[in-house]
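K.L.:
In the order they appear, the protein sequences are chains L and F.
Residue numbering for the first sequence follows this note's numbering, starting at 3 and increasing by one per position.
Residue numbering for the second sequence follows this note's numbering, starting at 6 and increasing by one per position.
Keep in mind the hints are simulated off the structure, nothing from the lab.
All of these numbers come straight from a predicted model, not from anything done at the bench.
There's no promise every hint is true.
[Claimed, not checked] Computed list of lysine-lysine pairs in DSBU-like fashion (alpha-carbon distance at most 30 Å, straight line):
hint, chain 1, residue 1, chain 2, residue 2
1, L, 54, F, 258
2, L, 145, F, 312
3, L, 154, L, 191
4, L, 220, L, 191
5, F, 312, L, 44
[Claimed, not checked] Short, incomplete list of chain F residues facing chain L, as computed with Cβ under 7 Å:
hint, residue
6, 191
7, 194
8, 195
9, 234
10, 238
11, 239
12, 240
13, 317
14, 321
Think of the CB as a built atom: it goes at the ideal place given N, C-alpha and C, for glycine as much as any other residue.
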Amino acid sequence: MQSSSRRMGVMTDVHRRFLQLLMTHGVMEEREVAHLQKHCYKVHDSSATADKLEDFINNINSVLESLYIEIKKGITEDDGRPIYALVNLATTPVSKMASDYAENELDLFRKALELIIDSESGFASSTNILNLVDQLKGKRMRKKEAEQVLQKFVQNKWLIEKEGEFTLHGRAILEMEQYIRGMYPDSVKTCNICHGLLIQGQSCETCGIRMHLPCVAKYFQANPEPHCPHCNDYWPHEIPEVFDPEKEGEPTISRPHRKSLRSRQH
Amino acid sequence: MPRGQKSKLRAQEKRRQLRGESRFLKTAQASVATEKDPAASAKPQVEDWSAKTQVEEQSAKPQVEGQSAKHQVEDQSVKPQVESQSAKCQVEDQSAKPLVENQSAKPQAENQSAKPQAEDRSHNFPPIGTSCEHKVPQETPATIGAASAIANADSEEGAKSQDVAPPRTSSIPELWRRDPLNKKVILLVQFLLQRYQKKEPITKADMLKFVIKKYKYHFNEIIKRASDHMELAFGVDLKEVDPIRHCYTLVNKLNLSSDGTMNDEENMPKTGLLMIVLGVIFMKGNCASEEEIWEVLNMMGVHADRKHFIYGEPRKVITEDLVQLNYLEYRQVRHSEPPRYEFLWGPKAKAETSKMRVLEFLAKVHDTVPSAFPFWYEEALRDEEERAQARAAARARTTAVVSVRFRNGNFYP
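For reference, chain L alone in the conformation it holds in the complex:
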């Protein structure tokens, strides 16, 4: 809990440029963000030493505070990459999307969102989403069009597609976490470790608690016999690797939760 006497930071052209570019991209990975920060320093104030990224961003956030905007940091659910996005705190969710999509497209997104949240795995199959096309508000949309719209969402980083199923992109989670918690308080899932919103993750088959894949990776790191933190039963799923920014390779996780074939333990 911070004291209310928070010093407002100083914005220079370096920070402003950074903000403009971050805004253009929507969401960026930490590596790209660091690179962007260096670029902004180079371009506007090459003599200055760059702040640490965390301080740099906190500085910007302190200025943006009064505008109800902030640069939020999150972690991608599937491979634990840190990401950053510029988020509006004061408006309803979907607002960033509202200016880019038609009414029926936004409604499609909302329906997909609801299916994703209600699902057990955090994924909604494209068939199920497309079946709801008749219930959309606004102009009538055919299934073919709906497929295109879903692809647009993927391109603009609101949804991720895997094997014909859709889940939320890290960006959508960052921007809409509060909205989701408010709209779906009963079906929303949370991580037992970080208490953040959970869409994809692993769950204990005995007591049902859930954890993000990166949270699992950290919690069980180097533990040869993982046990559920809640009920202490054996943790039956494959433990993913902790994300290492140095080793830039393919993500090592491929939804082990879904592929787990362990029998229920009673």
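Got chain L sorted already, so can you dock chain F onto it with the hints?
P.N.:
Positioned in the frame of chain L, the structure of chain F alone reads:
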């Protein structure tokens, strides 16, 4: 064994039942009093937030009824969080401390664990009358929440200042809260940002309709403050380009060069592709066949028939989108049968960037410097010279015109 269908259906049913029950529960609670019992306060964050979302499209009615009315208007999903009403009532009912806490706890939805809800809420108490009266912009159905108000912005304060590491806390300068105009300023800033990103001009009419509404007599004040914010935080200037039709545009004050903004760091994903295509065209003597372009793109993993995770449909982008925007020229090779096509630089590309810049971009991509490509470097240098001369000539012409007019006694061209 993996969970069977029956088990899944049962779980869904259960969830739906619970949803129904809690709705009922909330309605019951709402009608009781403004006092929240501990059970209810167990889930304040989420409920209050939905109150918030639903409040946003309300017109100024007494808050309690307003909320339920909102529920009908707001078509997000049928999850009336009626009790969150009391959250809004908190403004009127200063004594109901628990409410205040709940409302504040709402923004901290992320910190699910029972955080002490009595944070610095007390100082966030807005003066009675401001938030209550505050009218929220009426949303057209089409724009779901594009410019929703911060109905309880004051109580929203808990949501601010997300440090890179949790937990979140709040602290807003006192003077912001006391000022109802401020909410409009904030909304306007967000509205302008959206338009800026889409590079659309902004009319006063639009601003009044979507954001300012009943405060239209304060338009000048609001727009001044919003543009100050934009300048301070984002380095963009709000300029009136058409004083008759009141059309505004946002200009980037941080322009690095006089020629335009194209720069490899600042490209939207599509323009990254554009730079490469321009580079190929340049290196093939300012005209490249479609096959040559695809050869290079294929090496980067961009294929004509495959969707790209950044560029979408690459073929459409380069043969249609970028051509329409005048960045590229795409024409059939003369007398080619079957028809083959070639690419050239379009007029917009020539205006917004230069051969030197494209060469710099390519050099960077190959981790080297432009002079490593001597032949093209020479050509780029010549191009720079020509441009500089053209600029000087243009300036000379303008000066000449002005001085002629001056001599003839015509001071106002």
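K.L.:
All hints are to be evaluated individually against the structure, with a verdict given for each.
P.N.:
A quick look at each hint next to the structure:
1. Between residue 54 of chain L and residue 258 of chain F the alpha-carbon distance is near 25 Å, which keeps this suggested pair within the 30 Å criterion.
2. For the hint linking residue 145 of chain L to residue 312 of chain F, the alpha-carbon distance of about 19 Å falls within 30 Å, and the restraint holds.
3. Using a Cα cut-off of 30 Å, the hinted pair residue 154 of chain L and residue 191 of chain L holds, with the two alpha carbons roughly 26 Å apart.
4. Restraint check for residue 220 of chain L and residue 191 of chain L: satisfied, since their Cα atoms lie roughly 19 Å apart, inside the 30 Å limit.
5. As the CA atoms of residue 312 of chain F and residue 44 of chain L are separated by approximately 34 Å, the hinted pair breaks the 30 Å bound.
6. The criterion of a C-beta within 7 Å of any C-beta in chain L is met by residue 191 of chain F, whose closest approach is roughly 6 Å, and the hint holds.
7. Hint on residue 194 of chain F holds. Least Cβ distance to chain L is approximately 6 Å, under the 7 Å limit.
8. Interface restraint check: residue 195 of chain F against chain L, minimum CB-CB distance 6 Å, threshold 7 Å, status holds.
9. Evaluation of the residue 234 of chain F hint against chain L yields a held restraint, the C-beta minimum of about 6 Å falling below 7 Å.
10. Here the hint on residue 238 of chain F is kept, as its CB sits about 6 Å from the closest CB of chain L, short of 7 Å.
11. For residue 239 of chain F, the shortest C-beta to C-beta distance to chain L is roughly 5 Å, which falls under 7 Å, so the interface hint holds.
12. Proximity of residue 240 of chain F to chain L holds as hinted, the smallest CB-CB distance being about 3 Å (cut-off 7 Å).
13. Satisfaction of the interface hint for residue 317 of chain F is found here, the shortest Cβ-Cβ separation to chain L being roughly 5 Å, below the 7 Å cut-off.
14. Interface restraint check: residue 321 of chain F against chain L, minimum CB-CB distance 12 Å, threshold 7 Å, status violated.
Violated hints, in rising order: 5 and 14; the structure is consistent with all others.
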